[in-house]
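Undergrad: All chains, full assembly: derive it from the sequences and hints.
Quick note, the sequences are listed as chains A and B, same order. So in the working numbering, spot 332 of the first sequence is number 332, and the numbers just go up one at a time. So in the working numbering, spot 411 of the second sequence is number 411, and the numbers just go up one at a time.
It is worth saying that the hints were derived from the structure and are not from the lab. By construction, the Cβ of each residue, glycine as well, lies at the ideal position given by its N, Cα and C atoms. There could be a bad hint or two in this list.
Said to hold, decoys possible - Here are the in silico distance ranges between beta carbons for each label pair:
{"#": "1", "chain 1": "A", "residue 1": "S195", "chain 2": "B", "residue 2": "I200", "range": "44 to 50 Å"}
{"#": "2", "chain 1": "B", "residue 1": "G206", "chain 2": "A", "residue 2": "I150", "range": "56 to 62 Å"}
{"#": "3", "chain 1": "B", "residue 1": "V38", "chain 2": "A", "residue 2": "R429", "range": "31 to 37 Å"}
Listed here are the chains, written in short residue letters.
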Amino acid sequence: MTGGDLTALLPFLVMGVAVPAVTLAAAFRRPALAASLAALGTVLAFAALWPAAGVVPRQVTPLLMIDGYALYFAGLMLAATLAVLLLSLGYLHRRPEPREAHSLLLLLAAFGAMAVAASDHFASFILGLETLSVALLGLIAYAHGRERPIEAGLKYLILAGFSSAILLFGIALLYLRCGSLSFAGIAFALGRAGSDPAILLAFALVIAGIGFKLSLVPFHMWAPDVYQGASAPVAGFIAVVSKGAVFALLLRLAHDTPLASGPGATVIQAIAVATILAGNLLALLQDNFKRLLAYSSIAHFGYLLLAVLAGGVLGAEAAAYYLAAYAVMTLGAFGVITQLSAGQAGDDIEQLSAYRGLMWRRPWLAAVLVLMLFALAGMPLTMGFFAKLTVLMAGIHGGWWPAVGALVAGSVIGLFYYLRVIALMAAGRPVEAVPEPTRWAGALVLAMLTGVLVWLGMAPAPLMALIRRATLGG
Amino acid sequence: MMLPWLILVPLMGGALAWAVQRAGGTAVRGVALAALAVDLALVLAVWSKALPAAGGWLADFARPWIPSLGIGLHLGLDGLSLVLILLTLVLGILAVGASWTEIGDRVGFFHFNLLWTLGGIVGVFLALDLVLFFLLWELMLVPMFFLIALWGHEDRMRAAIKFFLFTQGGGLLMLVAILALGVLAAPSAGLRRFDYFALIGHAPGGVTGWLLMLGFFLAFAVKLPAVPLHTWLPDAHTEAPTAGSVVLAGLLLKTGAYGLLRFAVPLFPAQSHAFAPVAMALGVAGILYGGMLAFAQDDAKRLVAYTSVSHLGFVLLGIYADNRLALQGVVMQMLAHGLSTGGLFMVVGAVQERLHTRDLDRLGGLWASMPRLSAAGLVLALASLGLPGLGNFVGEFLVLLGSWAAAPAFAAIGALGLVVSVVYALTLVQRTFHGPARAAAADFSFGHLAVMAVMVAGLVWFGLYPQPVFDLAGPSLGAVAGTAAP
Numbered sequence: 001m002t003g004g005d006l007t008a009l010l011p012f013l014v015m016g017v018a019v020p021a022v023t024l025a026a027a028f029r030r031p032a033l034a035a036s037l038a039a040l041g042t043v044l045a046f047a048a049l050w051p052a053a054g055v056v057p058r059q060v061t062p063l064l065m066i067d068g069y070a071l072y073f074a075g076l077m078l079a080a081t082l083a084v085l086l087l088s089l090g091y092l093h094r095r096p097e098p099r100e101a102h103s104l105l106l107l108l109a110a111f112g113a114m115a116v117a118a119s120d121h122f123a124s125f126i127l128g129l130e131t132l133s134v135a136l137l138g139l140i141a142y143a144h145g146r147e148r149p150i151e152a153g154l155k156y157l158i159l160a161g162f163s164s165a166i167l168l169f170g171i172a173l174l175y176l177r178c179g180s181l182s183f184a185g186i187a188f189a190l191g192r193a194g195s196d197p198a199i200l201l202a203f204a205l206v207i208a209g210i211g212f213k214l215s216l217v218p219f220h221m222w223a224p225d226v227y228q229g230a231s232a233p234v235a236g237f238i239a240v241v242s243k244g245a246v247f248a249l250l251l252r253l254a255h256d257t258p259l260a261s262g263p264g265a266t267v268i269q270a271i272a273v274a275t276i277l278a279g280n281l282l283a284l285l286q287d288n289f290k291r292l293l294a295y296s297s298i299a300h301f302g303y304l305l306l307a308v309l310a311g312g313v314l315g316a317e318a319a320a321y322y323l324a325a326y327a328v329m330t331l332g333a334f335g336v337i338t339q340l341s342a343g344q345a346g347d348d349i350e351q352l353s354a355y356r357g358l359m360w361r362r363p364w365l366a367a368v369l370v371l372m373l374f375a376l377a378g379m380p381l382t383m384g385f386f387a388k389l390t391v392l393m394a395g396i397h398g399g400w401w402p403a404v405g406a407l408v409a410g411s412v413i414g415l416f417y418y419l420r421v422i423a424l425m426a427a428g429r430p431v432e433a434v435p436e437p438t439r440w441a442g443a444l445v446l447a448m449l450t451g452v453l454v455w456l457g458m459a460p461a462p463l464m465a466l467i468r469r470a471t472l473g474g
Numbered sequence: 001m002m003l004p005w006l007i008l009v010p011l012m013g014g015a016l017a018w019a020v021q022r023a024g025g026t027a028v029r030g031v032a033l034a035a036l037a038v039d040l041a042l043v044l045a046v047w048s049k050a051l052p053a054a055g056g057w058l059a060d061f062a063r064p065w066i067p068s069l070g071i072g073l074h075l076g077l078d079g080l081s082l083v084l085i086l087l088t089l090v091l092g093i094l095a096v097g098a099s100w101t102e103i104g105d106r107v108g109f110f111h112f113n114l115l116w117t118l119g120g121i122v123g124v125f126l127a128l129d130l131v132l133f134f135l136l137w138e139l140m141l142v143p144m145f146f147l148i149a150l151w152g153h154e155d156r157m158r159a160a161i162k163f164f165l166f167t168q169g170g171g172l173l174m175l176v177a178i179l180a181l182g183v184l185a186a187p188s189a190g191l192r193r194f195d196y197f198a199l200i201g202h203a204p205g206g207v208t209g210w211l212l213m214l215g216f217f218l219a220f221a222v223k224l225p226a227v228p229l230h231t232w233l234p235d236a237h238t239e240a241p242t243a244g245s246v247v248l249a250g251l252l253l254k255t256g257a258y259g260l261l262r263f264a265v266p267l268f269p270a271q272s273h274a275f276a277p278v279a280m281a282l283g284v285a286g287i288l289y290g291g292m293l294a295f296a297q298d299d300a301k302r303l304v305a306y307t308s309v310s311h312l313g314f315v316l317l318g319i320y321a322d323n324r325l326a327l328q329g330v331v332m333q334m335l336a337h338g339l340s341t342g343g344l345f346m347v348v349g350a351v352q353e354r355l356h357t358r359d360l361d362r363l364g365g366l367w368a369s370m371p372r373l374s375a376a377g378l379v380l381a382l383a384s385l386g387l388p389g390l391g392n393f394v395g396e397f398l399v400l401l402g403s404w405a406a407a408p409a410f411a412a413i414g415a416l417g418l419v420v421s422v423v424y425a426l427t428l429v430q431r432t433f434h435g436p437a438r439a440a441a442a443d444f445s446f447g448h449l450a451v452m453a454v455m456v457a458g459l460v461w462f463g464l465y466p467q468p469v470f471d472l473a474g475p476s477l478g479a480v481a482g483t484a485a486p
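TA: This is the structure in structure tokens:
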């Protein structure tokens, strides 16, 4: 391993040091120290992306491919993790659970997610994925004094185990045919041998396994329950970091291997259409805000599949921008729930009825939420607009008309339930705003997210240029 | 250089109006009026410095924005944009004046939304990059949603959501059409992939071309509105507060007509040519159906709302008749309808504000207690029915004359609309102002009367001496005319 390899690995090495350091702080029951160390770790790892960017792309060990693309997603994961860490501070403040392990688990999950996004080998993919999943399990069931988190944790455990098994079976079949676990090796072997039923079955199983992780229809059943059971910051973390990392992997897999070509493309397009329509239609029926966001997140990953179908530089750019926008608006929406629920003993403030008149009771939080919801609906002057635009362009470029049609239909349905929430928040007569204790860390995060949402929604060119450099470099 | 400021001044004025909310309603209204007045002065300044160039473009502004996607900030002002922007700002100022007493709560946020809608509308009339156009098109919807949803009447939320879903549904189809046009028609255009001038004359043929044209047409037809896509309109116009109704009827509908004139027809000349009979049939259907429904209403505001369907039917008919005469009629009809219908909404809104009812069965005989209001209502209703000497007559007459040359059958049936309009306009006057007095309230204040005077003066001017408008908008219409005449 050369010096260049080590530089490229630097963000990962920082995380590798930060995790045991936070473990020690947690072992000595120092929640504040653990949280500070975790935050410091993410910041340092983020800073380490710059030196790493100077030496990429390079294959570090057969397991990890560190390129601009991997670093971009690592940066996204780290930023999202830092946001969730800060949001959790105020949220956990008066809760009965110990706080120190929360930071540890978040950091560990982020580490796993970074590894997933950088892997071009099934062994590193599974390693990263399991690190991520096990840490998430702990986070979902964190409030172990209550029923719903335990139930959600159990559901996640069973379904994550089940989907990993399916995925592993598919990988084993691929290995049987190709004799390699690296994406390049598999593509090479397939290029020589061509396709046969076992390969098709293997790809189907891999798609199903990844479909579970991304909660694509028909593998989506777990998502609403888990989002509802998990605490609001953790639900945001699952929606952004866990799903984002697996999506980055899917994109790389589709780029390196013939997964998304031929019959695979037909299957993925069918999944995309079903995911968009089912996610949006089911969201209409919800009266729990977290479940609504869960279905909306399902729908958004349906939109993102257009980028996988489109492939190439255009698809990668669209996906990279979309995931950044999605991260901002999803963390923003869950961040508002977190801020509202901070200091509460029981369940989060998640019944839609509790949002009636929020605009008059908590104007600032409501304003942030309105912006986030408009962004999720794809309105202009927010990142959501250009996200939808880039994905649509990629889909149109590739001529994936059924998926494009589904996106349009889904967006119109989506508007309806986002507007419903906004209308509810605007209902009622103005009252004097109720003074509530401000959780400064959370408020800071929401202010930053809103700023990014609007700034990059009006001037997306810098981020798009960055993405272009990252995707061309790798 | 000045063009972006035309959009930014209302936006900044709106933000400032919201910020001074604590200083009270008068300060907010003053800021709003000042912002619109400054914007109006800017428009006049741009106009006075303009050098008439080829194709009638008076001013131009182009900067790269998102080079990787080929999206630019391209704004341009020609005669057509100019008259519509002038209408926007004048009606905007009048709308602020008309809601001086109506809006009592959240005054700052109300004027924020009003000015942002107006800013979006000005932007729509200026944008020459199709993605920018779409962005501004959406920008005007969101504040309008809030105007209806927060300050509207009884059933406001349903109306607001319906309005948003209809227009946004059409808008998304247009977005797909815009992107597809950019991807398919200008593959090598690079930095100017979505530029109006890069795309014009590059429409793909065959089924694709038809689908793209329909994508544009549907979005604009929803906004116009063309029968059968009009069902959002009566709800939204009826439930909106007065200023909202004025902006909706006077301006938002015009963006649909403008979109057809500026984009749908010139970008797809061959398809529009073949499609013209269908569009003209829809226009004629709108004239008669809207007029008949207006006649059947018991809600005064709903009645006025349906007259818009009828009047905008003339616009659709004229656009697709597509000769110079009809197009000049279209422009005149848009301006006159903006003033007459905007004015009628102010009259009906004032009645609602005073008597808390719009039910024609409970109104009547208002002339006794409110002579000034009733007189204004009468003049505006006469304008609406197309009385010669007022602007609407010029518009409708030219449209019918122009479409007679293009398609006599449609012109003949459309002319029946003039009969229907007499029936509904006189019904409105009869049931509201005449008859035994069933209700009484304070008459128009002098402020209100001044607003009405501006409207009526405009209508008389357009009716007696319309030539300046024709001279101004004429060169832009040359680019449209002759591309789609059947």
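Undergrad: Now, for every hint given, state plainly whether the structure supports it.
TA: We went through each hint and held it up to the structure:
1. The given range of 44 to 50 Å is respected by A/S195 and B/I200, whose C-beta atoms sit roughly 46 Å from each other.
2. Range check, B/G206 to A/I150: Cβ separation about 60 Å, and the 56 to 62 Å hint holds.
3. In this structure, B/V38 and A/R429 meet the distance hint of 31 to 37 Å, their C-beta atoms being roughly 34 Å apart.
In summary, the structure agrees with every hint in the numbered list given earlier.
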